[in-house]
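Colleague: So the protein sequences, as listed, match chains A and B.
Take the first sequence: its position 131, counted from the start at 1, is 131 in my numbering, and no numbers get skipped.
Take the second sequence: its position 108, counted from the start at 1, is 108 in my numbering, and no numbers get skipped.
Keep in mind the hints are simulated off the structure, nothing from the lab.
It should be emphasised that the depicted structure is a prediction, and the values quoted were computed from it without experimental measurement.
Glycine included, every Cβ here is placed at the ideal spot set by N, Cα and C.
Hints are not guaranteed to be accurate.
As the list claims (entries may be wrong) - Label pairs and their calculated CB-CB ranges:
(1) Asp130(B) <-> Ser420(A): 18 to 24 Å
(2) Gly58(B) <-> Leu770(A): 33 to 39 Å
(3) Thr661(A) <-> Gly58(B): 55 to 61 Å
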Amino acid sequence: MMKAIDLKMLRDLWHLRGQAITTALVVACGVATFVAMRSTYDSLLASRDGYYAQFKFADIFASLKSAPESVRSRIAAIEGVTAVETRVVATVTIDLPDVREPVQGRVVSVSETDPNPLNGLYLQRGRALEPGHENEVVISGAFADANGLRPGDHLSAVLNGRLRRLFIAGIALSPEFIYEIRPGDIFPDNRRFGILWMNRKAAGSLFQLDNAFNDVVLTLGPSAVEADVIQRLDSILEPYGGFGAYTRTDQYSHRFVSNELAELQVFGTFIPAVFLGVTAFLLHLVLSRLVNVEREQIGLLKSFGYRDRDVGLHYLKLAVLAVAGGIVIGIGLGAWLGTGMAALYGQYFHFPVLDYSVSLKVIAYSVLISIGAASAGAVLAVFKAVSLPPAEAMRPETPPNFHAGFLETAGFRELLSARSRMVVRNIIRRPLKAFLSSLGISLSVALLFIGFYFFDAIYRIIDIQFGQIQREDVEVTFVEPRSGLSVYDLASLPGVIRVEPYRVVPAILRSGNRSRRVGISGASNDNELRRIIDRDFRRVNLPPEGIVLGKTIADSLGAKKGDKISVEVTEGSRPKKEVVISDIADELLGMGVYMELSALNRLMNEQSTVSGAFLSIESDKKDAVYKRLKTTPAVAGVAMPESTLTSFNETMARTIGTSTTFLIGFACIIAFGVVYNGARIALAERGRELASLRVLGYRQDEVGRLLLEEQAILTSFAIPLGFAIGLGICVIITRVVDAEIIRLPIVFSVRTFLFSGLIVAAAAILSGLLVARRIGHMDLIAVLKTRE
Amino acid sequence: MPQSDNEHRPMTSRDDAVFKVRGVSKVYRMGDVDVHALRSVDLDLYRGELVVLLGASGSGKSTLLNIIGGLDVPTEGTVIYQDHVLTTANDAELTRFRREHVGFVFQFYNLIPSLTAIENVRLITEISEDPMPAEKSLEMVGLADRKDHFPAQLSGGEQQRVAIARAIAKQPDVLLCDEPTGALDVKTGKLVLEAIKHINTELGTTTAVITHNAAIAAMADRVIHIGSGEIVSIEKNEVRADPADLVW
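Starting from the given sequences, assemble the full structure and let the hints guide the process.
Modeller: Shown next, in the form of structure tokens:
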């Protein structure tokens with residue numbers, strides 16, 4: 001048999017069902033986002049770490065020109081090194097019949113002897129490489145999927161200047177390429193970039209590295225000091241043209257995955273916090289009102305001998321029960337959303353298995369924080385109920401005290417009708433409540449604003465990157481730096497309109513005790529195809545002497561314009577020189593380091609030399625040129641910005657559609673919850689007042705307007721406030737996101753303001769109208785007889 | 001609906017009925033029981049008169065007032081206000097009727113706590129077609145000097161007089177007062193009744209006051225005794241007593 005006081009609680013809850021449901025929905029969103037993001041985070045982290053451990057992902061990476069295999073033992077002898085894998089790594093051009101443009105491949109050698117090498121392969125399909133098979137490759141999963149390649153197929157590639165037909169033995173994944181992207185790109189293009197794994201011996205002989213290597217990866221023991229190992233490794237490799245060793249932090253794929261995890265952690269905390277904050281506020285509103293209405297009942301219970309504790313617990317239970325349904329829905333919704341998020345990540349991040357699961361820990365946390373939020377919301381009302389002395393509780397509450405607000409005394413009084421004054425004073429009388437209501441609604445605006453901001457930022461990036469910077473049809477990279485004269489060979493290809501050569505040299509920049517491995521790009525100021533453009537669309541000009549640093553690089557070196565910086569080139573004759581920083585470029589990525597082409601050639605003590613060129617081609621001749629380039633031995637790689645953009649747009653369109661739908665849904669639930677509860681409570685508190693006006697001849701719509709004007713004012717304050725909060729958070733986000741991956745531009749389109757404002761306004765209007773309908777059911781006669 | 005003529009007219013002949021109530025019954029269904037609040041009531045209210053509807057709690061007097069005031073519709077019978085049949089009017093028409101012709105005074109004043117005295121009056125003058133200035137109506141109830149006070153700063157009697165000022169500011173054809181002194185002590189109750197009488201005499205507004213307090217009956221032109229949903233008797237006072245002289 002249920003206790004009478006619990007029956008009362010259930011009936012109170014039933015009576016408040018509209019408010020309970022809207023609050024529960026907000027809780028559900030909070031729990032869902034928490035569960036989805038946390039469990040996705042946990043699952044990604046566990047999958048990544050499990051993958052790394054099982055397939056022995058390396059700790060230190062280094063590339064070099066070429067070193068004899070004998071160097072390996074010296075590396076293995078470095079203190080703290082537990083395993084060494086020497087490799088042959090090279091960039092090649094692949095000719096796929098179904099892809100009109102040349103495709104870039106990265107050849108990575110695989111040990112034939114070590115059954116469990118570093119950065120081991122997870123074979124998805126087909127078979128592993130067999131020792132002794134020369135023209136055999138295993139290709140990366142994303143590349144295979146994007147191009148429909150299967151084990152048993154063949155592909156043609158130009159390897160070290162020679163066209164080869166390669167047999168695809170299998171399809172595999174590697175912890176080294178969880179995020180499979182061409183170095184230097186912002187977005188992946190799996191159709192035009194892929195990994196080819198080859199037998200070490202075969203790769204060695206193809207790239208003239210028999211018994212030698214040009215790439216080495218290591219794992220370290222737990223006590224090893226990374227910086228020391230890097231220093232030792234660099235000094236061993238220096239005579240062999242070492243480009244400088246680096247840790248996982250600078251490993252391309254690892255860096256992207258880690259950045260994504262960090263973002264997920266931030267959003268997984270921030271977004272649920274917004275929902276649970278709103279939940280606490282809504283419960284505060286509902287319960288405070290309930291305790292006010294039930295003053296006499298509370299007095300009665302206490303005079304009958306119910307303890308303060310019983311009364312307090314009674315209302316606390318009500319609060320928890322009100323959110324309980326939301327928690328259950330939220331966990332289910334969260335698990336479903338998480339599955340979707342994990343699947344989405346699975347499209348970008350290639351794990352052997354991305355085991356998505358919701359742990360008991362996440363569920364327990366979500367229940368705990370929701371109950372915590374509910375209790376926080378209930379605490380003031382519960383405290384009030386507990387502290388009411390029985391005798392006082394039986395007396396009606398003293399009438400609210402109103403006074404004219406600042407605006408009215410300041411002389412605006414006569415501008416306001418009596419009706420508007422009612423509305424204004426109701427807001428002013430409880431400024432904190434009004435502020436919190438506005439804040440609640442503004443958070444839904446902010447949520448949308450932030451969501452739409454990402455699209456603004458991404459489209460700005462595309463606009464700058466592909467509209468302003470990468471305007472070439474194709475970028476050609478030579479296998480080796482070549483004489484500047486080779487430009488004429490490219491220019492002589494039929495259909496080529498313009499050729500802009502460039503030079504890239506790997507170097508270590510040092511400023512004080514900080515250093516960075518960079519590629520210095522040498523370009524001409526006359527370039528029209530590939531230009532240096534800052535975030536404000538301004539063109540950056542290269543001075544005849546000196547070096548220009550991207551902002552992120554400059555910041556990380558603590559260097560500023562006019563400083564002298566030490567440049568140690570890790571190619572060719574490896575010159576070391578002091579160079580003046582002639583400018584800092586506020587670039588989108590901020591990772592660029594530039595010199596005027598001839599200045600760079602002088603730095604390198606070389607004649608006119610180029611590493612590659614940007615080409616523009618007549619549109620009807622493109623296919624012919626691509627075909628030539630695919631099979632030109634001197635060409636190591638080819639990149640086409642346009643095709644990258646197309647494939648990116650396809651993925652983005654899907655992602656945008658899904659995430660926008662959820663964002664709008666979430667924001668509407670918050671706005672709806674806040675406005676609905678605000679209006680319901682106003683209706684309950686001022687029902688008598690409004691019914692009196694109906695008796696006095698006010699029409700239903702006029703009374704409805706009186707009721708909703710307050711919510712309308714709060715909403716109209718909330719919208720600009722939401723813009724401000726959203727803007728602030730966007731600025732914070734741009735700082736959280738790893739600047740070395742992307743510097744998110746701070747741009748907001750009119751659409752972002754318009755949509756985030758209008759969607760919330762629409763949700764507010766809808767919920768307001770739902771409450772206003774109740775005015776029609778008001779009992780006008782009862783009001784004449786009853787005292788509040 | 002026709003515009004009311006607001007010029008003062010003393011109570012005249014029997015044909016000058018503002019309200020004609022004919023055969024009005026009201027049955028509420030409470031659970032399985034039918035409650036007959038009114039049983040076939042016939043009543044006329046005349047222009048400019050002040051009537052007191054006297055009856056015990058549950059006698060049906062409030063139901064009758066609510067029907068006359070356009071807040072409720074009878075189960076049977078007709079109510080005609082001038083040439084308008086209220087009993088067939090819909091909600092919007094009843095609202096318009098109340099807005100244009102009726103002034104209400106409640107037992108518990110029902111002032112808007114967030115508005116000052118004069119603003120409570122303006123709340124009504126702002127939606128009326130031909131109101132008197134809000135200041136004037138407060139003057140008529142003797143509260144001109146309290147016009148900028150909020151309800152919480154006024155005594156019960158003062159609040160009720162603000163309510164009267166609010167009811168008359170639109171210059172209604174009829175003033176309906178439901179237990180206007182019910183929540184007040186004798187002294188302040190008399191001040192409120194004086195205000196009602198003053199309005200009735202000065203503006204000639206047809207006035208109906210509901211009360212269970214027999215002492216108030218002496219100030220009326222006619223006293224209508226109601227019991228068990230029926231008019232028990234109607235008595236006519238030859239001389240209307242001054243509220244100040246009432247004793248209860």
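Colleague: State for each hint whether it applies.
Modeller: Tested hints:
Distance hint for Asp130(B) and Ser420(A): a CB-CB separation of about 23 Å, consistent with the stated range 18 to 24 Å. Judged by the Cβ atoms, the range 33 to 39 Å given for Gly58(B) and Leu770(A) holds: they are separated by roughly 37 Å. At roughly 59 Å, the beta-carbon separation of Thr661(A) and Gly58(B) lies within the given 55 to 61 Å, and the hint holds.
Comparing the model with each numbered hint stated earlier shows that all of them hold.
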